[in-house]
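Here is how the chains run, residue by residue.
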Amino acid sequence: MPPRIPCRAHRAACPTPAVRYGIRLQRRLASTSASAPDIYDVVCVGGGPAGLSLLAGLKASPITNGLKVALIEGQDLQKNRLPKDASLDSFSNRCSSLTPASMRNLQEIGAWRHANAARIQPYQEMQVWDGVSDARISFDWDTARSLGPRTPTQPTTIAYMIENVNTVSALLGRLEELGGVDIFASTKVDAIELGTDTEQLDLSSWPVLSLSNGKSLAARLLVGADGANSPVRTFAGIPSRGFDYSRHGVVATLNLSSPGWGGPDHKIAYQRFLPSGPIAMLPMPGNFATLVWSTTPERAAKLKSLSPADFTAMVNAGFRLSPTDLEYLHTLPSGQAEEIAWREKHTPTNERGLPVRVTDVQGGSVASFPLRMRHADTYTGERVALVGDAAHTIHPLAGQGLNQGQGDAAALVRTISHAVQSGQDIGSTLALESYNEARYAENNAMLGVCDKLHRLYSVESGPVVGLRSLGLRAVNAMGPLKGFFMSRAAGGV
Amino acid sequence: MKPSDSLRAIRPIQRHLTTPSYRLIPARPAQAQAPLFASATTPVSPIRFSSTASSQPKESSKSTVDPTEVSHFNALASSWWDPVGPSRLLHLMNPLRHTFISRCRAASSSVSSNSNLRYLDIGCGGGIFAESAARLAHTASVTAIDPTPEVLKIAEAHKRRDPTLAAPGKLTYINTSIEDLPQPKTPQEGYDIVSLFEVLEHVNAPGPFLEHIMPHVKPGGWLVLSTISRTWTSWLVTNVMAEDVLGIVPKGTHDWAKYVNESELRDWFYGKPGWGELKTMGVMYVPGFGWKEVTGSEGWGNYFFAVRRAE
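Note that the protein sequences, when read in sequence, are chains A and B.
full-length UniProt numbering puts the first residue of the first sequence at 1, with every later residue one more than the last.
full-length UniProt numbering puts the first residue of the second sequence at 1, with every later residue one more than the last.
For the record, the hints were derived by calculation from the structure and aren't laboratory data.
Source: prediction; values computed, not measured.
For glycine and all other residues, C-beta sits at the position ideal for the given N, C-alpha and C.
Be a bit skeptical, because a hint or two may be false.
To be verified - Which residues of chain B face chain A? A partial, calculated answer using Cβ under 10 Å:
| # | residue |
| --- | --- |
| 1 | V84 |
| 2 | L96 |
| 3 | E131 |
| 4 | A133 |
| 5 | R161 |
Claimed, not checked - Covered, in the sense of this in silico footprint (three residues per stretch, anywhere, with C-beta under 8 Å from a C-beta of chain B), are these stretches of chain A:
| # | segment |
| --- | --- |
| 6 | 202-214 |
| 7 | 421-431 |
Based on the sequences and whatever the hints tell you, model everything.
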């Protein structure tokens, strides 16, 4: 999740954030702009995966590496880096499933080789099933045959599980190698206002950022990579619409009894749709896995309050017991482990189709966050572009959030690159049009699909359950159709 | 104006009337006039010539700036930089101009310098091309001229919005016609790129007009222009559809009879010693997709044309 950039109220004249960002055309008083701002081509607010990917992409290309760029990040970037000798006995609970398309982009901008490869887990198979009807679909490149004969160059990897801190560290490593970015870390944006029209220069269309270190930067193009509550988006007056799912995502790092049914070289991701939301277990290196369990806020709070033994038992139960059993188990104050052990004896399961048993949960790794669906009305304004969560927030069930941000960054690099080559002002709405065109429809479709899936599987009984099960089984039986879905999920064509 | 309204529609170059054409672009301020192409010597009534009609633009005794065109573009000035305004098609076309110039320079038979290029943009209007040329990494300076005072004011004001362009000597606007621009003292003081985009179709006498321009090109440099072929479909598309029916191009922007065909330019430059390496590129505007290169369309639609001065 990209770090939030706090924006403190600046100066007594603007007491509330709403006032500060809400009035687009507010000009700075002459007395407050005694010194001229430093002029930048690109100022990126937010040093999360999307913002860093954008900057690395710009600096890695000979066309755009002459641009003067700055990064503003509220947190200490060095503190958030993965230590070189990080132990493989513990993993962060914030992980993402990186699609091959995102991975290729990281390779192209030279960041992938800076990642800690031992901590990345590719997976080759996906098992998805309906918690109510048990209808199942399995994804792997062997059963998902394309219409023609399979060629050796076709991928076997569906996606790569990677800790967000690993992605961020790789990008920071690459940026250090490339150089040429003015990084203002541990620095907050106090205010964003339009510049002034002086005798020499008319900066009245340029965003000018006042930083907590006293500096003031004028941006030809201001990039909001500043998360779901993006102050840059607020400055640009771009509305973001959506809703809360009244669901929380519970995450945790899990210890497993073995690397999995396929061994260390054939890892499997599991997702079971429960009426309260999907529970997913994604493979990490060795005997580790990461959990994403979307559920009601009450159940999320209950899960977080459990002892490690009870929590572990609940995760195992989440993939095995019926929705009714699970509902009851959430009402117990404690003692889930014993209760589950008894119930599992009376629930027939095919263990080969389920994730191997969880033996423990990594201390301190259980956390939760509210699930939201948000989409900005547009990704661009005059001298403003939004990337990543600032532009869209998606239900995590397809693991697309970070990938969308990487796709945004790559598309914005292409747009800027084209503008530079044809001498356009990279902050002009005309130059930015192609970025919005390239990303908006695609992201909107993905947001819609994930939202529909969430709704579809929230239904506990009735004809919808039968229909969705039929659909899942039908897709499962049809290799080429499955191949199509898989290549879409992998970010291919 | 319908072709039949103009005597010039039936002048000798009519033999070049070819296949249907396509033309949707709003145009830039006009420049000179005088007899038409030097080669097209058939007497034609000088319809547009009326040097006393307006005193607004700068006019020297020899200037042949068309006052009708000047007042037309004065009226359009304020919307020049509106990305969804009447000049949108020009904005969209601009990247192709650089594509074409890069292609010409890459194909040059000799090694010319790839940096510190000096541009002269004639009929610069609000500065769409001039600004973009000045921002390119290889550009030393851009001199941009236009006889229409109002659009130059817009250009100057817009230039101040970009610190890169405001750097001294980077981009200089001059309110003048090409005839009044002092010629370089030596050929080497000429420009590497002299551009003339969407201007020729507003000029009454392309031949003498080009003669005025050519001394400004440095030996080894390029004269690059874009315009429209004069065909029946270009009249239908640009004058009737774009201006009258769809209204996507401001009314009165185009005078079909002034359009110049690619073959006419080609023939004209073949007769000029010291000029060669002719290049053309036909382009077409496809709604929803933007400007696309269409091979062969230089014969009937919008096209780019370039010619190089021998070193």
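For each hint, the structure was consulted:
Residue-level restraint check for V84 (chain B) holds (minimum Cβ-Cβ distance to chain A is 9 Å; threshold 10 Å). For L96 (chain B), the suggested interface contact is upheld, since its CB lies about 8 Å from the closest CB of chain A, less than 10 Å. A hinted interface residue such as E131 (chain B) counts as satisfied when its beta carbon comes closer than 10 Å to some beta carbon of chain A; here the least separation is about 7 Å, so the hint holds. Below 10 Å, beta-carbon pairs count as interface contacts, and A133 (chain B) has one with chain A at about 6 Å; its hint therefore holds.
Proximity of R161 (chain B) to chain A holds as hinted, the smallest CB-CB distance being about 5 Å (cut-off 10 Å). Under the rule that three or more residues need a Cβ within less than 8 Å of chain B, the assignment of the segment 202-214 of chain A holds, with 5 such residues. Counting residues of the segment 421-431 of chain A whose beta carbon lies closer than 8 Å to any beta carbon of chain B gives 8, which reaches the threshold of three, so the coverage claim holds.
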